[in-house]
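Chains as they are written, first to last, in this note's numbering: chain A, 1 to 354; chain B, 355 to 708; chain C, 709 to 1062; chain D, 1063 to 1416; chain E, 1417 to 1770.
The hints are simulated quantities; they were obtained by calculation from the structure and are not laboratory data. The structure displayed is predicted, hence computed values, not measured ones. Accuracy of the hints is not assured; some may be wrong.
[To be verified] To spell it out: a stretch of chain D is covered by chain C in this simulated footprint if at least three of its residues, at any positions, have a beta carbon under 8 Å from a beta carbon of chain C; those stretches are:
hint: 1; segment: 1270 to 1280
hint: 2; segment: 1344 to 1350
hint: 3; segment: 1356 to 1366
By construction, the Cβ of each residue, glycine as well, lies at the ideal position given by its N, Cα and C atoms.
If you want the building blocks of each chain, they are given just below.
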Amino acid sequence: MSRYFKRASKKAGLSPGTAVFVGEKKTDRVEITLFNFTSDDVKELKPDSFDACFPIKDAPSITWINVDGVHDSQGIQKLGDRLGFHPMLIEDIVHTDQRPKLEDFGDHLFLVMKMLYFDREKKRVESEQVSVILGKQYVISFQEKPGDVFDPLRERLRKGKGRIRRMGADYLFYTLIDSVVDHYFVILEELGERIEQLEGELVANPSQSTLHSIHAMKTDLVFLRKGVWPLREVISGLQRNESKLIKNQTAVFLRDVYDHIIHAIDSIDSYRDLLSGMMDLYMSSISNRMNEVMKTLTVIATLFIPLTFIVGVYGMNFRFMPELDWPLAYPILWMFMIAISFVMLFYFRKQKWV
Amino acid sequence: MSRYFKRASKKAGLSPGTAVFVGEKKTDRVEITLFNFTSDDVKELKPDSFDACFPIKDAPSITWINVDGVHDSQGIQKLGDRLGFHPMLIEDIVHTDQRPKLEDFGDHLFLVMKMLYFDREKKRVESEQVSVILGKQYVISFQEKPGDVFDPLRERLRKGKGRIRRMGADYLFYTLIDSVVDHYFVILEELGERIEQLEGELVANPSQSTLHSIHAMKTDLVFLRKGVWPLREVISGLQRNESKLIKNQTAVFLRDVYDHIIHAIDSIDSYRDLLSGMMDLYMSSISNRMNEVMKTLTVIATLFIPLTFIVGVYGMNFRFMPELDWPLAYPILWMFMIAISFVMLFYFRKQKWV
Amino acid sequence: MSRYFKRASKKAGLSPGTAVFVGEKKTDRVEITLFNFTSDDVKELKPDSFDACFPIKDAPSITWINVDGVHDSQGIQKLGDRLGFHPMLIEDIVHTDQRPKLEDFGDHLFLVMKMLYFDREKKRVESEQVSVILGKQYVISFQEKPGDVFDPLRERLRKGKGRIRRMGADYLFYTLIDSVVDHYFVILEELGERIEQLEGELVANPSQSTLHSIHAMKTDLVFLRKGVWPLREVISGLQRNESKLIKNQTAVFLRDVYDHIIHAIDSIDSYRDLLSGMMDLYMSSISNRMNEVMKTLTVIATLFIPLTFIVGVYGMNFRFMPELDWPLAYPILWMFMIAISFVMLFYFRKQKWV
Amino acid sequence: MSRYFKRASKKAGLSPGTAVFVGEKKTDRVEITLFNFTSDDVKELKPDSFDACFPIKDAPSITWINVDGVHDSQGIQKLGDRLGFHPMLIEDIVHTDQRPKLEDFGDHLFLVMKMLYFDREKKRVESEQVSVILGKQYVISFQEKPGDVFDPLRERLRKGKGRIRRMGADYLFYTLIDSVVDHYFVILEELGERIEQLEGELVANPSQSTLHSIHAMKTDLVFLRKGVWPLREVISGLQRNESKLIKNQTAVFLRDVYDHIIHAIDSIDSYRDLLSGMMDLYMSSISNRMNEVMKTLTVIATLFIPLTFIVGVYGMNFRFMPELDWPLAYPILWMFMIAISFVMLFYFRKQKWV
Amino acid sequence: MSRYFKRASKKAGLSPGTAVFVGEKKTDRVEITLFNFTSDDVKELKPDSFDACFPIKDAPSITWINVDGVHDSQGIQKLGDRLGFHPMLIEDIVHTDQRPKLEDFGDHLFLVMKMLYFDREKKRVESEQVSVILGKQYVISFQEKPGDVFDPLRERLRKGKGRIRRMGADYLFYTLIDSVVDHYFVILEELGERIEQLEGELVANPSQSTLHSIHAMKTDLVFLRKGVWPLREVISGLQRNESKLIKNQTAVFLRDVYDHIIHAIDSIDSYRDLLSGMMDLYMSSISNRMNEVMKTLTVIATLFIPLTFIVGVYGMNFRFMPELDWPLAYPILWMFMIAISFVMLFYFRKQKWV
């Protein structure tokens, strides 16, 4: 399937709000993990179906449900109906080619973002949609496939480290965003190293494969930018949002994650500039090298073509060629040819060709 | 007729508001379909003329009139006069080279958008103007030629599936927009696949036809962008619009269609970047290949030109050339020439030409 | 005189508000036409001087004075003084290198725009300044030379067709703008056709003249953009303007003309993109062709240079060359040379050069 | 000294507000001219030092002090102290590498702009800083070296021509700005003419020097833009400024100078576009020409290389070469070679190489 | 370690607000300097640990603590806890890959900026993070390694020169920013000089190393821009900030530093334009030179290839070649060959190749 666009045509013509799974099935079964915690206590469940996930609204404890795999559209729809989610929200979770966005439905916030990772097999950046719903006392997150980005977070929840269990659902919500955004930097770091390595290659020994690497990285950056850029206005919207779901003490953390996103975008733009510069450098190097080759050819050809003509002249079989009988003709000719060569070399030196 | 601009000169000098059909007549006869429905009931008519379309204002049921073909400017003008439409509105329906836009005439809204489709015969993206008028209890839509984009919508109306019959005219209005926007993604998907295919071609075997394909896709994107981009502010305007014609419950759907348009624009921009990168790659590949060719020529010519000169020397007919009579001259010359060749090959190897 | 800039130096150092005619005198004599009309009646005069143009303020009927030729700066100054125009306004009419702009002087509005036309002789887009003053009951327009853009308008005035005589001076003012803007589309249409034609040329047979045509069109677009772009904010300003001179019923017409300008700018930008793409295509085609030429040269040279060396060897006159006396040497050499050629051709085939 | 940046390092580490002259000393001595005028009377002085310039505050007459040369930082500092100027203001006058800007200090306004002129000797655009202070009844202007831009203004003051003596200090302030801005157009006009001339050169006979001229003009435009662009927001700020120092009747003049600046920026941008297009055209022309050269070489080489091989064959000295003894071998060979040439020419013709 | 990105992966997965030192350890030991001053008196200490730095809040005198080296994260954390700093603030100081930013924590402001310097060894621009905290009576600054940028400031403090001891902590805060920003100009000046030098090289003798220098400078500018650009909105935010910590009299100084940053950004952008132009010039020069080389080769080859063919003809050993026996054949052939050469030279002259 195309990396650039998911199969939207499956859906064209359907009623809006119809939850049809769109995309590659990235995992075989849907896996649900449920955390229920207060500052003192934490319970961890792995329910088999969505039915085991209730009631979570208005509970005094905070519940985090994480769903890996979104192709069970019926199950998700049922979950959504129970918690009073708008059909469009469910559609957006399941139809995994959304642009990052934030929607405020009054008693819950809905956020879509792109988890990006470097696929070492395909040697390119791939993306996965992460949808998060923040309610009063719960957070529900949906991933396309099981991943380890949230693992350190789970560990912190289990151990009660940091402020994660003391603070509310909104802080958990922030932490999920932060985990995804932090992972962008892992990719950026990797790309930064590869850029530096390519720069070395460019100076030392530019080849066709260097060119393809530059192009592949440019394509990766287009992809990366498409995933990261919209998140900027999403978080900005979250900061300006007057929803009661976000408490004041979480604001400073949101500001921090916003700074990180801006930083990531800055870096992507810098990388683009660097890669454009490298493309120019590559092109110039190729031109330079061609020039070098041409100059060698020209010097050799220009030196020998006239000489070859001269020896050709005295290879002619005319009966009446006075020079042929002169005793010193042969050494004189040699001297003449050597003189011509020196004149030419002098000219080439002046032209800076040799 | 030019794809880039419709014949506007027909109209220059006429009084503003004169409804003159501008464009290619894309269908022979004007076809009218009329749906009249409540949540319980639906009537479907195919009237022969616009006269059969009244009264539709203030009726308790909702009426949707779809007109395929807009070259019957007089009929449309009559319809407009009866329903109290401004002459400029009628002109805009008939003059099919409008930019997507929204106009609020108080008791009705007028929206122009571009339906885009991939013409498999001409192998390029073509556009068709779709004008929609939303009144209190009616929606009137105009297409340039019969198309199948609204067919799933008709089916849903007939079967009463989804919420389409329960909600008002504004929801029908939204659904029309949504159908058109969803179709953009079909094109984007197709373009995305072709880009990926071209990328493979570029790496494996770039040819003149690859170049022309890249150029054609760039042109298509310019065209696409011109059709999609203005729709963004149109829908944004619709969201901010305080018209009573748009009810609150439709707002969330408009937000969704707005997100889709932004997504489409993002994709168009990404594609542009990708195609620019591919153009650069193509150019570099051509340069690289030329370099390869040049190097071969230089190696061959540089190896043999001096040797040819040498054998030319001993082809001269001077009477006094001592070497000619030496018994070992011939094998010695061969060894000398072989030595020269090795020296040169060594030099080429050092220059990384062979 | 330069197309890119008019001789401003004539004016440098003069007191601001000094009306000095700047530009090429595009017509010999100043021609004044005066229309005076109510919805029932129309009078048309061609006065010899500006003196015959009074009184026009506060008259019940509406007066339109059109002046072709602005080099009579004294006459225009006198007219301005009588009607109480600011000296800067007069300067702007006469100094014809203004940027399109709108100025509100309370009891009159002053608008400058650029009339663009394709000069078939010089084969390029030329511009002419059109200044229009809207007073309560009058409109005064200034053109640099007699033109036919306003002729259909005059015809409509004479015949009383359309709503032009029923509506006020502001509608006439709008109609003048509309006439100028409509003419932009005539140029755009022509350019669009030429672009399509050039595209065909590019694919079939790109030549030096194609290149110059693309460049000339790019230059035309720069010129066009400079004339059209500022008009956008001018009309936008006119719409937001709270002057009593513009009545509500004219607003919908201004919105329409605004849409047209946006459309024109969109098209100019699309054309620029298309032309940039064509330039790239041209460059690539040239590179491709050069590659083709190089490959032919390389194949021929590489095939024959070694062979020529070989025959040179046996053209040497050494006394002791055993091969020369072998009876089958000649046919064997031929077979050897043919074998070499085949090996080389096989290599070229593998390199995709033949 | 670098044109691109003045020696700022002299100043690094000093206390802010320290008035250190930075730049090239463009004139040897500081020259002060003082005009004191009412609408009836004008006095002109050339005082030797700044001490003679008091009192000027609150006088009923208007005083204009113009200072040519700013390297006398102590004198300027003393003047500033007497008139109560902020130390930062004095620093900005003396440190002549400021960006154009406007600062409102309550009872006086401080404006910095760049006077641009074409240095015919260095053949490039140079800039000079002009700082102007507007007080209630006085204007003080500082130039880096004596120039003639303000001369026509002085003449008008002396002769009492125009409205310059009737209106207040703010009008004088405007006139100084207007003089500087008007001079931008002189440069733009000159550049416009050179662009047109270069365009002719490009089509007729592009050479290395054309390339360098295009590059030099691009550099000039970068420089020009850097000087003009910030002035836009400066004047815009002046218009929005609610300082009592600017009277209402001067507003229309400021609007005019603002329009001029926008016009200048527009022109600079158009020039940039034109020059970019010319660069592309130049590159394409070079490529085209190279193509032409290559084709000639290929045609000649391809025609003669096989023929030379053939005649080489019959120059071999094998004892047994039957053709050598045929009586018609020589004329038959000629015919054969001519035939080969025609075949090749036909092929070249088909390839459009000749 | 990569210059483009610091190792963020160390931190991924940790709880937000965890102070982990990220980056290269640029100095071995942490050095603390403490200034405590009133307008009359100044005390200077070099405490060994952070414990010696209290109490500084609410003291009547002003305290400036400068810390060189931020890898002692525990010490910094303790300092932060005592002064009531938010954990995120501490994290940002220690994690030295922050984007320049300003954060208002009510009773203290936190500012991050990038100190840029030209590393003469690596021949490129490097950056160091400078974090500054402004409290009511104290300023705390953190640098990554000991530097001399603040030395002149220390000197002024010691000597009581300028207004630095008379004004409050906010003025000191400004002075620190000003010192960093002033240093940007030192780099810009250096880059400006190198650009001018490269321009000379480009015209006189462009080489591969010129190309690499241009590329290196472009990379430096990307880097520079990334460090300077965000500071613009930081200072702009500081100006708009309504914090009581910034007094009115400091505002004019902040405006000045803001102007400097804008100026720096302008210069960076101009440099980018200049370097792009130089890259184009370089590419064109290479093309031009290649053209020159090709023309020489073509002229020589085209002159001699036909002549070599001709002499080859008369080197053939056919028994029946009538010309060989003509007495004047040899001189006639010479004349013929000379004539051919002249015709060709005439043709080359017409083509402007010689």
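For each hint, the structure was consulted:
1. 1270 to 1280: violated (count 0)
2. 1344 to 1350: holds (count 5)
3. 1356 to 1366: holds (count 6)
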